[in-house]
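Respectively, the protein sequence lines represent chains W and B. For the first sequence, the positions run 222 to 567 when my numbering is used. For the second sequence, the positions run 6 to 564 when my numbering is used.
Check each hint, because a few of them may be wrong.
Derived BS3-like pairs: lysine-lysine, alpha-carbon spacing no greater than 30 Å straight-line [stated by the list, open to error]:
1. W:K349 to W:K322
2. W:K273 to B:K293
3. W:K478 to W:K559
4. B:K197 to W:K326
5. W:K320 to B:K278
Everything labelled a hint here was simulated from the structure, so no lab data went into it.
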Amino acid sequence: MLQLLNIAYSYDQKMLLENLNFNLTRQEVVCLLGESGSGKSTLLRIVAGLEKPLQGEVLWNGRNLANVPPNERNFGLMFQDYSLFPHLNVYDNIAFGLKMKKVAKSEIDTAVTQALEQIGMKAFAFRKVTELSGGEQQRVALARALAPKPHLLMLDEPLGALDHSLRVELLQELKEVLGKNGTPAIYVTHDHNEALTIGDRIAILHNGQILQNDSPEKIYNQPNSVWIARFMGMNNILSGKAVSETEVKLELASEEKTIVFEPKYPLTPGQTVHVLFRNGTIGELCEGDVCLPARVDASFFKGNSYDIRLKVNPTSMFTLQHPNQLTVGEIKTLCYQKTDLVLLFL
Amino acid sequence: MERTTSKINLKALTIGFMLLILPLIFIFFFYFFPLTSVLKRVFTDFSSLDVLAGKSVTKVVWFTLWQAFLSTVITVILGLPAAWIFSRFTFRGKSFFKSLFTVPFILPSVVTAAAFNALIGPRGLLNSLLPPASSGRPQIELMNTIWIILIAHVFYNISVVIRIVGNAWAAIDRKMEDVAMTLGASRFTVWKEIVLPMLTPSILSAALVTFLFDFTSYGVVLLLGGIRFRTIEVEISYQALTVFNLPLAGILSIIQMIFTVVITLMESAISRKITQTQSQKINMDNFKAATTDFDRWAVRIVLIFNTLFLTTPLLALFLRSILSTTPPQGSAPAGFHLTLEYYQLLFVNARNSFFYVPPIKAIWNSISTGIIAALIVITLSLLITIAENRYRWTRTVTSLFMFPLGTSAVTLGLGYLLFFSSNIKNPALVPIAHSLIGLPFGIRSIRPLLEGIPNSLRQAATILGATPLTVFRKIDIPLIRRGILNAGIFAFTISLGEFGATSFLSLPERPTIPIAIFRFLGQPGGANYGQAMAMSTILMVFCVVGVLAFERDPDQNLG
Numbered sequence: 222m223l224q225l226l227n228i229a230y231s232y233d234q235k236m237l238l239e240n241l242n243f244n245l246t247r248q249e250v251v252c253l254l255g256e257s258g259s260g261k262s263t264l265l266r267i268v269a270g271l272e273k274p275l276q277g278e279v280l281w282n283g284r285n286l287a288n289v290p291p292n293e294r295n296f297g298l299m300f301q302d303y304s305l306f307p308h309l310n311v312y313d314n315i316a317f318g319l320k321m322k323k324v325a326k327s328e329i330d331t332a333v334t335q336a337l338e339q340i341g342m343k344a345f346a347f348r349k350v351t352e353l354s355g356g357e358q359q360r361v362a363l364a365r366a367l368a369p370k371p372h373l374l375m376l377d378e379p380l381g382a383l384d385h386s387l388r389v390e391l392l393q394e395l396k397e398v399l400g401k402n403g404t405p406a407i408y409v410t411h412d413h414n415e416a417l418t419i420g421d422r423i424a425i426l427h428n429g430q431i432l433q434n435d436s437p438e439k440i441y442n443q444p445n446s447v448w449i450a451r452f453m454g455m456n457n458i459l460s461g462k463a464v465s466e467t468e469v470k471l472e473l474a475s476e477e478k479t480i481v482f483e484p485k486y487p488l489t490p491g492q493t494v495h496v497l498f499r500n501g502t503i504g505e506l507c508e509g510d511v512c513l514p515a516r517v518d519a520s521f522f523k524g525n526s527y528d529i530r531l532k533v534n535p536t537s538m539f540t541l542q543h544p545n546q547l548t549v550g551e552i553k554t555l556c557y558q559k560t561d562l563v564l565l566f567l
Numbered sequence: 006m007e008r009t010t011s012k013i014n015l016k017a018l019t020i021g022f023m024l025l026i027l028p029l030i031f032i033f034f035f036y037f038f039p040l041t042s043v044l045k046r047v048f049t050d051f052s053s054l055d056v057l058a059g060k061s062v063t064k065v066v067w068f069t070l071w072q073a074f075l076s077t078v079i080t081v082i083l084g085l086p087a088a089w090i091f092s093r094f095t096f097r098g099k100s101f102f103k104s105l106f107t108v109p110f111i112l113p114s115v116v117t118a119a120a121f122n123a124l125i126g127p128r129g130l131l132n133s134l135l136p137p138a139s140s141g142r143p144q145i146e147l148m149n150t151i152w153i154i155l156i157a158h159v160f161y162n163i164s165v166v167i168r169i170v171g172n173a174w175a176a177i178d179r180k181m182e183d184v185a186m187t188l189g190a191s192r193f194t195v196w197k198e199i200v201l202p203m204l205t206p207s208i209l210s211a212a213l214v215t216f217l218f219d220f221t222s223y224g225v226v227l228l229l230g231g232i233r234f235r236t237i238e239v240e241i242s243y244q245a246l247t248v249f250n251l252p253l254a255g256i257l258s259i260i261q262m263i264f265t266v267v268i269t270l271m272e273s274a275i276s277r278k279i280t281q282t283q284s285q286k287i288n289m290d291n292f293k294a295a296t297t298d299f300d301r302w303a304v305r306i307v308l309i310f311n312t313l314f315l316t317t318p319l320l321a322l323f324l325r326s327i328l329s330t331t332p333p334q335g336s337a338p339a340g341f342h343l344t345l346e347y348y349q350l351l352f353v354n355a356r357n358s359f360f361y362v363p364p365i366k367a368i369w370n371s372i373s374t375g376i377i378a379a380l381i382v383i384t385l386s387l388l389i390t391i392a393e394n395r396y397r398w399t400r401t402v403t404s405l406f407m408f409p410l411g412t413s414a415v416t417l418g419l420g421y422l423l424f425f426s427s428n429i430k431n432p433a434l435v436p437i438a439h440s441l442i443g444l445p446f447g448i449r450s451i452r453p454l455l456e457g458i459p460n461s462l463r464q465a466a467t468i469l470g471a472t473p474l475t476v477f478r479k480i481d482i483p484l485i486r487r488g489i490l491n492a493g494i495f496a497f498t499i500s501l502g503e504f505g506a507t508s509f510l511s512l513p514e515r516p517t518i519p520i521a522i523f524r525f526l527g528q529p530g531g532a533n534y535g536q537a538m539a540m541s542t543i544l545m546v547f548c549v550v551g552v553l554a555f556e557r558d559p560d561q562n563l564g
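Kindly generate the complete structure, drawing on both the sequences and the hints.
In structure tokens, the structure reads:
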């Protein structure tokens, strides 16, 4: 369906996107995940036809869209602030795209009424959009974007302006109308939790390039770089040196530890590698394949558990959950199974 | 509990009243009483007016209305493209161009008139460069036509449209247009269905402000229109000062006031709507470099057109002040030559001159008048805005101080003539009249800054031990300093260029710059013409410097 080939874009003489390739081939939701300023929104605007790329092609079913203006692409777009037309009421906002398509009035009426029913806002049809709450505005914006039945819907941080509980609720609603249930979508966000929930696939954008493009499970279990691991909220990482084709030596507080891995390709002795420690438990004795001694640095109450910060070596801190508060200065053992360890090279 | 409340109210009443007493005395004595005497005069002498007077009133009102309407339509049409490029694009020198295009608006009407005279008048630059027509008359004969009046009105009001519509346009999130496009709207449909409806209030507001300025036009019509064209304003001054028909002048003033009040009320209703609906935060993503050929050319053409239209008269004014057509003794009598003669003549107290003092004295008179007016405006604006800010009840009273906005300067001058009759020669009346005209602007400069200070700052200072007076000195004053300065600059610049009221009040031996320019332009001879140009150039420089000082405030420079 959608194919981006070697897209490059610069702004203020700075390259924002470089040789970027991206596909959307099925009825799916792809999340573009990245920090603010990483070029996610620009990529959406390029797909929509609102910006021209410096180079590269945007193809839809094999057709180059370079000369197709945004109003002829039939791609929907939804922004964080919804951009509802303030001078039109709810009904006319939703009807706008259908009117542009010159759909018959009676059909517009049916479609808008149906859309309003779907979002549970039938009573709001003739309200001013400026009188709606954030959640209501978001629903109207979604209904407006979906009304003309776009080939593809692009959502630019659509939930960014809402509070947490509303976000959770609307994320579920979005999941019901996007992807395999309806319209294929590109969903831009900087929130990894949001991306994990809604994405059938996640593409991580950093410094103008896609670093990893995989299923949410794969991204979470097998991040392919330290940056991605940290961006996904996984910060328990130690750097070490390969000492053989399968062994990595780590510097701990009072000892050195050598761990044996089964890497896809043999390691080069002397090369720097990073080890991501996922899951893990805090105990007194070693109850796993790999154990690290660590000193308790602080405990933070998190409701049903504590986040315990521990010092693993002079420069590295790990954070793990534990049911109880622990005394600062206490030496504990962090226990991991082999499968909890991920070798990272970048 | 109730006792405490009434105690606080009594205190609020007393202090609020004390703050307002001086401004109230001032506005009643120097504004409402003079205007009442205009009304009184009209009612007592109404019977002495004949049918002929009625006819001439209708004629003048009709002319005033249609020229204002036509000027407004042209101004809006020409201003919209500039409003568009300033609110949607980034380009090199944007803030420079924005300031440049504002210059005509801040120029006094006599300078505008002198500038067009310098460019296309019979002695102007173009006519001096072009060979005369076969009849021996100048090639360009626009002086004393409706065209030059319309052009001058568009010239100084175009920035009203650029500013008001431009600011509203910049506040429209560009994403709105993007969404409309992805929903299938073409560029033209986006403009028609999304942008235009959202801009309508601001276009109306700009049109009403422009209409008001054109409707009350005085200096430009007087100096460029000749005897054939008279707006109500010109007719008031003609009836009062030349034929001494004060009742007729009074009637015209009342008609003028009714129109002005109605237009002002309409405009403020629209402005209120705009402030309520317009987004206060401007998204910087709304401004982008032009990427398509169409946009790039549009930006270039709009900039070139406006720059040419708005700067050539001013350039011509300057050039005409340093170029003489009278050849120096012993040289060939053709073309222009450079000279500082006109500037030097300003220092000479020529015999048989219509001045009793060297013309340069007018500059000193204007500056001293401007400083006094600025000090009065600052003092009164501070008293009024502080009262409003601290004691809310005073807001019911303080709207009185905005009334001068709806009164033409000529009407004010007429009021002074009638009210102060024998004391009209008191030189203090000139700065007082100027400060009344500047007062609403002074209040508007300080008010938003004072209102913008969160009360929590004052509470924090109080908790830290500051007395109310210290809070005012240490918190309020530093935060509104820019507003005070702007109020002063505003009042000073208005005073420098004020012509309408001054033409009623100024004494022959104490002319201000605009009066001197007017007198020079009314006299025959190249030397008088040249001195008018020199004096206008000086006034132009003063005003531009004033506005540059004012514009430096980033908060005033949205977008």
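Okay, the hints, checked on the actual structure:
1. Among the hinted pairs, K349 (chain W) with K322 (chain W) is consistent with the structure: their alpha-carbon atoms are about 23 Å apart, no more than 30 Å.
2. Proposed proximity of K273 (chain W) and K293 (chain B) is supported: the alpha carbons are some 13 Å apart, at most 30 Å.
3. Between K478 (chain W) and K559 (chain W) the alpha-carbon distance is near 14 Å, which keeps this suggested pair within the 30 Å criterion.
4. Only pairs whose Cα atoms come within 30 Å are accepted, and K197 (chain B) paired with K326 (chain W) is accepted, the gap being roughly 20 Å.
5. Distance hint between K320 (chain W) and K278 (chain B) is fulfilled; the C-alpha atoms sit about 28 Å from each other, no more than 30 Å.
Violated hints for the displayed structure: none, as all numbered hints are satisfied.
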